[in-house]
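Just so we're aligned, residue 0 is where the first sequence starts under numbering that gives the first Met the number 0, counting upward by one.
Derived by calculation from the structure, the hints in this document are not laboratory data.
Everything numeric in this text was worked out from a predicted model, so none of it was measured.
Ideal Cβ positions, reconstructed from N, Cα and C, are used throughout, including at glycine.
Mixed in with the good hints there might be a few duds.
What the hints assert, rightly or not - Think about it this way: if two alpha-carbon atoms lie no more than 27 Å apart in a straight line, the pair counts; the simulated DSSO-like pairs of lysine-lysine are:
| # | residue 1 | residue 2 |
| --- | --- | --- |
| 1 | K35 | K22 |
| 2 | K635 | K156 |
| 3 | K997 | K972 |
| 4 | K924 | K956 |
| 5 | K1001 | K1090 |
| 6 | K198 | K362 |
Stated by the list, open to error - Label-pair restraints from in silico Cβ distances:
| # | residue 1 | residue 2 | range |
| --- | --- | --- | --- |
| 7 | K1143 | T153 | 53 to 63 Å |
| 8 | T153 | P32 | 31 to 41 Å |
| 9 | G593 | K628 | 28 to 38 Å |
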Amino acid sequence: MEYNFTEIEKHSKAYWNEHKVYKVNNPAEGETPKPKYYVLDMFPYPSGAGLHVGHPLGYIASDIYARYKRLCGYNVLHPMGFDEFGLPAEQYAIETGQHPADTTRKNTQRYKEQLNNIGFSFDWDREVGTSKPDYYKWTQWIFLQLFHSWYNRTTNKAQPIAELAAIFEKEGNENHPCPQGDSTQFDSATWNSYSEKEKRAVLMQYRLAYQGYAQVWWCEALGTVLANDEVVNGVSERGGHPVERKNMRQWFLRITEYADRLLNSLDTLDWSDAMKEMQRNWIGKSMGAIVKFSLPKNLPPAPPEGGGGDSQALVGRGNQQQKPGWNTADPVLFNVIKEHKQAQKDNPTEAEEILWTQLRGDKLGIKFRRQHIIDRFIADFICLPAKLIIEVDGKIHDQQKEQDAERTERLEELGFKVVRFTNDQVIADIDSVIEEIKKNLTPPSEGEADAQSTQHNTSPSFGGGWGEVSVFTTRPDTIFGVDFIVLAPEHELVAQITTPEQKEAVDTYVQYVKGRSERERQAEVKSVTGCFTGAYAIHPLNNNLIPIWISEYVLAGYGTGAIMGVPSGDERDHRFAKHFNIPITNIFGDKYTGEDAYAEKAGTIQNSGFISGMSIADAANTVIDMLEKLEQGNRKVNYRLRDAGFSRQRYWGEPFPIVYVDDVPYGNDEEPVKSNPALHKLPVELPMVEHYKPGPEGQGPLANIDEWMADNRETNTMPGYAGSSWYFLRYMDPHNNNEFAGRNATDYWKQVDLYVGGTEHAVGHLLYSRMWTKALCDLGHIGFDEPFKKLLNQGMIQGNSYFVKTFLATDEKGYEHNFILSFKNTQEYYTPKEFEHAGVCYFILKDDTPKSKLHTHRLRYAHFFVDTKNRLSKSNFKKSLLIGNGLPEDNFDEEMKYIIWDGKTEEGEEYIQCNSEVEKMSKSKYNVVNPDDIVTQYGADTFRMYEMFLGPIEMSKPWDTKGIEGVHRFLKKLWRLYADEQNGWIVTDDAATDAELKVLHKTIKKITEDMERFSFNTSISQFMITVNELTTLNCHKRAILEPLVVLICPFAPHLAEELWHKLGTKGAQRDSVVTAVFPQFEEKYVTENTKNYPIAINGKPRVEMEFALDAPQAAIEAAVLANETVQKWLEGNAPKKFIYVKGKMINVVI
RNA sequence: GCCCUGGUGGCGGAAUUGGUAGACGCGCAGGACUUAAAAUCCUGUUUGCUGUAAGGCGAGUACGGGUUCAAUUCCCGUCUGGGGCACCA
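Let's have the full structure, built from the sequences with the hints guiding it.
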């Protein structure tokens, strides 16, 4: 009776199926629930290529753990399903005309078969498939919940949008500014005056799933929009096609509102640091400040030719020299006045307060400031863009009419219009005062946001409007080191501020940037380009003139699309200043050498007005406080994270449950759509289409369906990550027709306790799932807000790719043949020696053969074996060598080149030398190892154990079929403890000896510990040791071997099941080993009372001595020192020190 | 460039809290059984020197320093593989 794995695995699988041993039940009502454990794998996308040996690595690990937890008494949920929507199936459909649903069904079927071969404990009754209508019905439903919600920053959670509308009715949006930029403000009266369409346009800017116009990655070749993480190095991740920016109306998820929560709750998760760090980087929180630089209405005269080169006179630092007549404040008096100014601002009169409430926050559609210094005066209120000053005079001004007149005159000289009101006027009749002010305002510039526009925040929102430029900085402490301002070339201010003299140069530069593909821009990241606009801005703290440049190194999409250039403190700015000869202000004293920027955040700030001498942290805070007082800036947190694009112009995805009425999108569960039963229904089923080509104007294929268009349905579909963002919830209650998952089920199973998958989803799937979970939690649909408690990342199993070199040559008859190059020793090239028509043996090159004629061919892994020296030899390689020729995958078999090698080479040489490389397994590299083949040859148990034995689960490692023999031998050896060829079943009921029990319990201890830290490779080592020891002890006792079956069951379930039943008492049926109880470790079997101590001299082990563990140290010391070897080393001297670590070792220092 | 991870025999890897470095397996070499092969079993296998041998002495966990009775493990510096991000202000 030898180990016949084929039969055994057939039996065990049949038993599992028949008895449905992997069925998992939710607790019934009234039942006291068992403790639960949820083990989940990242479900696969069923591609046409099938599974290779790399895929199951994580599944095996999770299966082992799931089985272990079950043996420990948990109710374990361990489901599997398929992520079925996605681009590859659609691409395949376009190429072959087959419906994606058909190919998906076929692929899924094949995946299931392959998975079942390996013997996983999945409960297939809970299988989900994201493309099944009864699944995506709930994907659509969740989308609607997001669509009907907004993020309340006060309560810090998602709430129904209806609640927001109610708030607007009462108080406008003062307390809930628009998350897409703070430009739009309205009060309740204004809100109530809006039409339905206008209201919905405003609400759209708050929804968690919203529509906006945005620059998105458009891939012409694929005819679709791609997500940020689907674009790699400027080309599409799949196919490597070029991509470009395009403005389209798109759906988005407002994941940015969750940025802080996504960041903070990372701390509560048991994920690897690398994984958390990736998410942190992706969210990219940076704390800093917005700084506003005013733009003077009357621009200073353009400096002479040479751009900023001559700007030194204007921006000279030390003496603060300035040209008269344009600035808002007298530089000499500034510091004196500003104290008064602040005092006045802090203590406004009643009238000032009243007026300010009417002017603040762009209420008149244009920005006003109060207590702003102009020349040597403090204007009560000022609108810089309109050059309008409003003065509110108290009684006191009656006595100083003269001064007032002089003041007015001076201000008018500077180009301001001055309007005066008395306190009484303002208090008595504010409305007419406002009317009067309005009359005096020159019309504001265009570019003001209006309520209709749905500006998405990936396009730059340049706060503050006209009259100033806002920059974001994380280093407000360096503000006195600002030597220039740089705008992104796409910045909307560029056109307005560019001087006539610079217009041509700027236009040329902007065109140049536009014409550069993303790829080019990334390729030469370090090159410095840019152009001076001719314009200057006013430094908010010292009123210096700062030249404004544009450059592509400033990104439109981040911050405000503008930066303050501090060359002494930032490398990029330094490069820029050097390149364009912009004078550099040193604010770091000796730390800045002039050679490189001093970018470290240590030391004190120098040469910086009132913050000189402060530490960087203090300076930053002081500057921000000052800017806030002056209303020239504010503290600001910025995130790199952008809202997630949620539209795809594709067919094979979830249709949106959205219908347009008068071009306004409505959820199909709200009026006026709801009343139409045909449109109201969920799911919105994916209709059949005639072809999968994009619709008109870049729309999805759904736009080609007349009926679909007639119903005014949304033509986009959802992206691949929609279905995978919540599938872990559906497993909990997969057949629920009334809810995505019942609250009973989600309250019981809660979070996934262990999630196993690759690192490639670090910022995509894992981030979106977290957001969906948080949103569903906020809205009260589930009771937890993080989906995956512990994350285990399995490494990749790589393939060995082998190459041979061939040479295409023509024979005497004019036929072309591929010749294999034969290398003897090193790469010597010879002339052809032998030739055979059918293909060839080998071909040896002359020295002068052009290298371009050499071809490198990948060898098809499955068809040969090489030895350790990468030699393909005659004995392990029969007749034909199949060589892939870099042909497209699907044509591979037809056009494959056969090269026949008969083993004849130069004298004595019996092999072909191959080159090899370790790389990712993929069909196109011909290095794929199919698990089915391994299972056929060695059995699933061997396969499972070998994958685990390769090394730590999270490490990547190359597949090496040779090593599998060792694990297979081990299982055979294990089997021989139970049965052998001569005697058949040999298990006895004899009592176990102490030595045998010790082996068992040592094993239990080790396996339990290893299991808890997912160290499966060392578990298997332990099993090998155990079996070796039991073999040596000639142990065939049930008392030892039965617990051993349970121990190894998670790893080798087929074998364990078979042995378990054979061990059962004759005739009596017993339950599956899957439901057995994990053996308990008992200390008493392994306790030793002596220890064989290594005795080290000066740390070097020299000899071993055995002592009782409870022996007193003095006795041990005496015995050790008396030892012959120790005596020899002591050379008669007394030891300096004697170190005794109980149970560990002894060290004698001499 | 920044962040995260690694670097141990011919190979995959082990050493869990600072305590006998190289467990376990592969490969390789030699041997047993066999007409032969497969299968199975046994022995050896980090390295240098030394010894007939048992053994002895030394070096050694990428490299150079340090802390310690004791370092693969902790600290500092350098080199290097892998992964992620990348003009993010």
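Hint by hint, here is what the structure shows:
{"no.": "1", "hint": "K35 - K22", "in the structure": "holds (14 Å)"}
{"no.": "2", "hint": "K635 - K156", "in the structure": "holds (21 Å)"}
{"no.": "3", "hint": "K997 - K972", "in the structure": "holds (20 Å)"}
{"no.": "4", "hint": "K924 - K956", "in the structure": "holds (17 Å)"}
{"no.": "5", "hint": "K1001 - K1090", "in the structure": "holds (16 Å)"}
{"no.": "6", "hint": "K198 - K362", "in the structure": "holds (19 Å)"}
{"no.": "7", "hint": "K1143 - T153: 53 to 63 Å", "in the structure": "holds (59 Å)"}
{"no.": "8", "hint": "T153 - P32: 31 to 41 Å", "in the structure": "holds (37 Å)"}
{"no.": "9", "hint": "G593 - K628: 28 to 38 Å", "in the structure": "holds (34 Å)"}
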